[in-house]
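Number of protein chains: 2
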Amino acid sequence: MAQKPSIPKGTRDFSPAEVNRRNYIFDTIKKHFQVFGFQPIETPSFENSETLMGKYGDEGDRLIFKILNSGDFLSKVDDGTYSTKNSASLTPKITEKALRYDLTVPFARYVVMHQNEIDFPFKRYQIQPVWRADRPQKGRFREFYQCDADVVGANSLLQEVELIQLYDAVFTDLRLDGVHIKLNNRKVLAGIAEIIGAKQLLVDFTVALDKLDKIGEEGVKKEMLEKGISEKSIAKAAPLFSLSGDTGEQLSILKALLKDSEQGLEGIEELEFIIDMVEQLGLQSAQLSLDFTLARGLNYYTGTIFEVSPPEGVKMGSIGGGGRYDDLTGIFGLKDVSGVGISFGLDRIYLVLEELNLFPKTLEQFVQVLCLNFGEKEALASLKLISTLRNSGIKADLYPTGAKIQKQFKYANNRNVPYVILLGDKELVENAFVVKNMANGEQKTFSIDSIEDFIASL
Amino acid sequence: MAQKPSIPKGTRDFSPAEVNRRNYIFDTIKKHFQVFGFQPIETPSFENSETLMGKYGDEGDRLIFKILNSGDFLSKVDDGTYSTKNSASLTPKITEKALRYDLTVPFARYVVMHQNEIDFPFKRYQIQPVWRADRPQKGRFREFYQCDADVVGANSLLQEVELIQLYDAVFTDLRLDGVHIKLNNRKVLAGIAEIIGAKQLLVDFTVALDKLDKIGEEGVKKEMLEKGISEKSIAKAAPLFSLSGDTGEQLSILKALLKDSEQGLEGIEELEFIIDMVEQLGLQSAQLSLDFTLARGLNYYTGTIFEVSPPEGVKMGSIGGGGRYDDLTGIFGLKDVSGVGISFGLDRIYLVLEELNLFPKTLEQFVQVLCLNFGEKEALASLKLISTLRNSGIKADLYPTGAKIQKQFKYANNRNVPYVILLGDKELVENAFVVKNMANGEQKTFSIDSIEDFIASL
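Chain order of the listed sequences is A and B. Sequence positions in the first sequence follow the numbering used here and run 1 to 458. Sequence positions in the second sequence follow the numbering used here and run 459 to 916.
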């Protein structure tokens, strides 16, 4: 009995047109990663469980897909553990491997394992899928790609400058003009927490601040109060909720606020350096702005924080983000390796390009030239022609069977084929072929011996 | 306490140089897939277990990686099943998803699910990793890529001709001249079994015949006897073990042997058509030959069978293979979809190219131009220069910190950087930069305003 097939929820099949559009984004990102001197690495899809578990918090641990041990996996489980019938206790006894949850932890593991082969500073990029057992919803999948570029082993703020240029280069190349690159610094956030006397509550403070867009100023204040941040502290921080003016003015307001925080002033200085350099170098199409409400969920950032929003008018969350972290590899025993990196959100960029109709039309062309099939002898002559075209890098194809010509034309239309070649018995005798331009219906005859004229006309 | 990190056995990290070499192969294959009119699809890394289980035999079922259900997976297991503590009975209760084992079954599932969107004949290619819980050994991994191209919904033998041309085009482009494309036909094998009176033992016959290279003629005969094929039958088939002459002579010997087998003669006719067409079209560097011992392990092939061996002198099994199957999608309820496809063995091709030193040297160049870093002011001028280079598609980079110049030169050497730019305080004043050719040590000074001259010289 045949099954009605389906795929697991939260996963996707990609059709040829979708693969082409996704590859267009991947290839553009990859090209600029390379031009900026980043080198590719790849890591296995699954890691040993102990490499991943405990690195993403309790919630993360729950969302990691575990792979069942092969063979008679229960034979190694002691009866005591087994008899409790407890999923959490049984899991580590029957699974040793888990699917990659992000690219950062495997990268840290890679750097530590290969530290003797790596010549630091190491600029690496990695474009691979990750898996999360999240509840699937619109725009959130259980399998999705991450596109990361990081520099490890270099403390210079020039890295931050380059990463801003890299965002600008990629989005300009994708013709997605006017993205907003938002900049902040964890030291500034820490300074703010220090000044307002809620140092130990920094994480709560930033997590609440991060929700400003979603729940508004009142909502943020309410959450801060609930977390135990005093009214007085919140009042001190209030100016942050409505900073205005250009980046210079904003920085000087903040400098005044943070005048007694060494860490805060260090953060301001870093921001000033980065903004000054970027202004001198110029950006092609992106806009750089400060955003002191930018905190990002992850707690491992220690310096600069980046986030990229799509151009005005497009309703979509961030399409990229990143930052500097002082200790990437400490969890695996290699101390003092500083890094800074950015990430591109493939699925969201895809949706934005689709909404703005920015995918090149050529992505829908899988075959440039289709030869119709008039029978065996004609097909042989056509295949010779097609070989020549293919050797010139032209996507050419022969309709595979001697079907009705009308059906063959329909096939060409469905595939957006721009040129159809007719080589029937008449042309065979005349050593010629007819090219039909499918856009305007024009027909032109070429001699087989001067196929180069046709190639040149493409 | 920091862990000493490792990766699961049978999996691999790929360094930048390895990724570049692998991508060189992938990109070459992909380019020709596209030029031959194949369209890309991608399917999820994991499928519902019922999509995969039972499709690869008992051994296959064992080698499929299963993913543990998320959350409290034991809550759905009845106490009766649980109390037996039996791995095989528990598995289907606690796993619903499994990692892709090959690309063929997911492709069949894809075709059935998307049959209304697909305009047949459908030429698809797919390059994605697969996972098998096989015992790892030299050249056999638990995670590896498959590169498949298939045409479904077309019965014409022209497909076979094109697939041979495709093999030729890819291996020629990889400069791997002289590969052997071996050709056989399951109908011929079936005809042989018919003639020798061991029709119901065809699978055993072909599996034994497939081992001719490994265990020799005597070994094959012994295995056939053990499987219940009579001495008389084996004697009739014996000429097959040592067929010689050109393809024409071989075909006529076989034609005589199979004169009473309708199916066998049909197979011969198909082979003749393919060989005749390929001879008329010509191959660039590959050699096509018949191999009646070629059976391939898989049982779903029904017509043509392909296998590609590396050039003489390279000790390595097949680097590609494929064939025609009459019923790809029947398992999922869609009858009578014929297909033919080929596959490229990435890991083995990699090893062959490495052994023959055929990887282009440029793959080792991650940075074409490195600017040394003489301090903040010089770095800013260098970054402007670098932006111009990058905008021209040149892989350019700035050494990230103001380290000792000797250290910076060492970094350039380790990375095979061909050109180093020096822009120190002297050059800054003169609005110039010095280019050092790292191969011969030559230095040349350019004005910053005429950077195009330098770009043109690259």
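Don't take each hint at face value.
Label pairs and their calculated CB-CB ranges [stated by the list, open to error]: (1) A:R62 - B:A546: 19 to 29 Å; (2) A:T401 - B:P697: 51 to 61 Å; (3) A:K259 - B:K462: 27 to 37 Å; (4) A:D449 - B:P697: 45 to 55 Å; (5) B:D592 - A:Q137: 32 to 42 Å.
Source of the hints: derived by calculation from the structure; they are not laboratory data. Virtual Cβ for every residue (Gly too), placed ideally from N, Cα, C.
Here's how the hints hold up against the structure:
1. Distance hint check: the CB atoms of A:R62 and B:A546 are about 27 Å apart, consistent with the given range 19 to 29 Å.
2. Taking the beta carbon of each, A:T401 and B:P697 are about 36 Å apart, not inside 51 to 61 Å as hinted.
3. Separation of A:K259 from B:K462 is about 46 Å and departs from the stated range, judged on CB atoms against 27 to 37 Å.
4. In this structure the hint that A:D449 and B:P697 lie 45 to 55 Å apart at CB holds, the actual value being about 46 Å.
5. Take B:D592 and A:Q137: their Cβ atoms lie about 36 Å apart, and the range 32 to 42 Å holds.
Going through the hint list in order, the structure does not satisfy hints 2 and 3.
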